[in-house]
Amino acid sequence: MRSRLSLYGLTFSLPLLVWQLLFFVFPLVFLVALSFWTVKNFTMTPDFDTVNWVTMFSRGVFWQAYGTTFALATVAAALTSALAFPCAYAIAFKLSDTARRWAVFLMVIPFFTSYLVRVYSWQIFLSDAGIVNVMLGYVGLGPYGMLNTKGATLVGYLTLAFPLVVLLQLFSLAFIDRNLIEAAHNMRCGRMRTVFEVVIPSARVGLVIAALFAFILSFGDFVSPIYLGGGDPTTLSILITDTTKSGQQWPRAAVIALTMIATLLVVAFVAVRFAYAGRASKEVGK
Amino acid sequence: MTKTHLSGVSGAVTRRSLLATGAAALAMPMLSRRAFAAPTELTMLAWYGHAEPDMVAEFEAENNVKFVPKYYTGGDNMLGLISQSPAGTFDVILSDAEYVQALNAAGYVEELDPNDYALADYFPEFQNFPGNWQDGKLFSLVARFGFLGVAYNTDALTEAEAANYNIFWDPKLTGKVGHFDWHLPNLGQMSLLAGNASAYDIDEAGWEAVKEKTLSLRPQVGGFFDYGGTFSSLNDGQMLAFAGIGDWITGTLEKNGAKVRSVIPEQGGLQWSECFSIGKGSQKAELAKKWIQYVTSAKGQAKSAQMAAYPALIPNAKGWEVLQAENPAEAKRQGMTKDAGNAMDMIRAGRIQYRQWPIQQDLETWNDFWSEYKGA
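Just so you know, the sequences run in chain order A and B.
Residues in the first sequence are numbered consecutively from 1, following full-length UniProt numbering.
Residues in the second sequence are numbered consecutively from 1, following full-length UniProt numbering.
These are computed hints drawn from the structure, not numbers from a lab.
One thing to keep in mind: the hints can contain errors.
Quick look at which bits of chain A chain B covers, simulated, 3 or more residues with Cβ under 8 Å [said to hold, decoys possible]: (1) 61-73; (2) 121-128; (3) 144-154; (4) 227-237.
Even for Gly, the Cβ is constructed at its ideal location relative to N, Cα and C.
Here chain A stands alone, though its shape is the one from the complex:
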């Protein structure tokens, strides 16, 4: 049955449409146009020249940064998901209602403070003379060089994405039909096997979406690679700033940004396909 577009429905959907047009479609169209502009003597000129695309795609440093960024974001998504899952599982299944509310509240608290400040505070922990090395020193270990490494960058990504991933996983786990878990136990299915064969498949959509968010946040992050990774190696977000630093090359920066957007769209599409794979056929079979 076809639903007719009512004034009521339009009123409620309009803000979303306006939002998307104003803050996504129009800037995206402008970004595409900008990528074809040219720059002479620090001044951008509207143009239709593919020089920026050719220049960026033919540079080794661009693909190197692309590979680094993709790999780091993938590791961050996997690591964050793996570390967040036990936490979300415990909150969903092991805590009382009151404790669960407190746990959710605690997961929201990090969003009250600036991400930049949180990342800066990690420097105090990770530097050569920092808190972690001092603690290790008490047991005769270290000091280890932790700051300005890829590992430190990953710590920053975890700081950014972990609370959100826990919350997304939690919402997904909370909606699992408890009867399925009970049935698994009744059929003598062990705890770990229940987690892997009942809980995770049942919460797959939420878990994949959570990992996707971790990937998206890490892929575009500038703060951690700079302030914890020491800008080494170069990520795409750093390359954008490098590109704009000299000669006002915003059109080339637009090429990098559009490549990042395209990558995220492909990754999101693949992730959603994977998340919902098999669900449609199951629903038809009901």
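Assemble chain B onto chain A, guided by the hints.
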């Protein structure tokens, strides 16, 4: 309604008129204060610190002015901000010397009258400062400068060790060499190390040699840092030696107790210079001129040398005298005394070259190589 008549006052004064007059009288100071005290806003485009109270409070109070700063983080950023703003947006523009010609070429700054400023008080080397003048016309005025050499942790290196760019390759500094993330000072220093007489005027063979030498340093590098990152990594000892910076960073840290210093290596150092201009189309050009007069005067110069955000050398000889009287320790620390080996002696001995844009390559070539170096 009863009317109250006050005796001894000419004419009839009613209670209502008295109250109205009283209210008006009471309000007058507020209104007049508002009318006369509303400060004129003067917009300034500058590096961080130039419109902070330690620099502008006195001028603001004396001239009933309120600075509205817009801080940038590099010459390109500055040019971008100007090009994207309507003419007249910025009354005062502070620019690194190498960018003044670009400002000029794009018509972003007003011509200055040299007679308006205390140029005669400047050291001769700065009276006809390159970049300030074009075709005999003055477009900006250098207000402060500094040297770029090797910044080092005094616990890790001695001054003698640091006084050579080759220290960056020392095995004990592996992973502990930091770069201020801008190609111009770093590659200029590599060019000096490569023995080029003019660091930025090098042919293709010279450029290839600079690239090769720079790439050989990559395994030593612990990171590429912006302004804040440079401060913190030096302050907490994370980086023990730094290329591309000088006393403008270490001086601030040193004053706060950090064990860092800068030295001009035997291969020579670079000079950064900051210049003030009046923005094209400024509606407050007279006031902007007054500010430049103030900040380039002996008094303003002494203040500028001690700017809280980052210290600097000053080109005004009388400013040196004021600084020596006001803060002899800082004058000595920065080398602005009459002692031999002071900042001007270093320039006169040919140990310092201006930081500038590459002459035989374009800026993009240098920047692209810098990105490749970072990714190597």
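Whether chain B covers the segment 144-154 of chain A (at least 3 residues having a Cβ closer than 8 Å to its Cβ atoms): Coverage by chain B holds for the segment 144-154 of chain A (3 residues, Cβ < 8 Å).
Please verify the coverage claim for the segment 121-128 of chain A: does it have three or more residues whose C-beta sits within 8 Å of some C-beta in chain B? Three-residue rule met by the segment 121-128 of chain A, so holds; n is 3.
Quick check: the segment 227-237 of chain A, covered by chain B? Criterion 3+ residues, Cβ under 8 Å. holds (count 7)
How about the segment 61-73 of chain A: do at least three of its residues have a C-beta closer than 8 Å to a C-beta of chain B? As far as the segment 61-73 of chain A goes, the hint holds, because 3 residues have Cβ atoms under 8 Å from chain B.
In terms of the numbered hints stated before, the structure departs from none.
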